[in-house]
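Chemist: 1304 is the number of the first residue of the sequence shown in this note's numbering; add one for each residue after it.
Don't take every hint at face value.
To be verified - Just the calculated beta-carbon pair ranges, DEER-fashion:
hint : residue 1 : residue 2 : range
1    : Glu-1322  : Gly-1372  : 24 to 30 Å
2    : Arg-1371  : Ala-1341  : 38 to 44 Å
3    : Ala-1343  : Asp-1366  : 30 to 36 Å
4    : Ala-1341  : Leu-1368  : 27 to 33 Å
5    : Pro-1314  : Ala-1343  : 36 to 42 Å
6    : Ile-1316  : Glu-1359  : 16 to 22 Å
7    : Arg-1371  : Glu-1324  : 19 to 25 Å
8    : Val-1370  : Asn-1346  : 19 to 25 Å
9    : Ala-1315  : Phe-1339  : 23 to 29 Å
Bear in mind the hints are in silico, worked out from the structure with no lab data behind them. Idealized CB from N, CA, C, for every residue including glycine.
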Amino acid sequence: MCRSIKTLRPPAIPEEATEEEIRAAALQFVRKVSGFRAPAAHNQEVFDRAVDEITEATVGLLDGLEVRGAVRPS
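All chains, full assembly: derive it from the sequences and hints.
Modeler: Next comes the structure, spelled out in structure tokens:
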């Protein structure tokens, strides 16, 4: 897939991913899938919406993952 997207869950990173890191990964994913680094003006809305939706989905995924043997911060 996209080699510049990093793993966003502990223990791959020492702490929980920040909103900025999650959004950056979503943006990289949308760029890769769409083939556009920056969309044309007529595609900007759908591009931004996809980044928002993937960011939300990623937050849900990371919140729901159970990594056995890892201690989740309270």
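Chemist: Let me make sure I understand: some of the numbered hints might not hold for this structure. Which ones are they, in numerical order?
Modeler: 8
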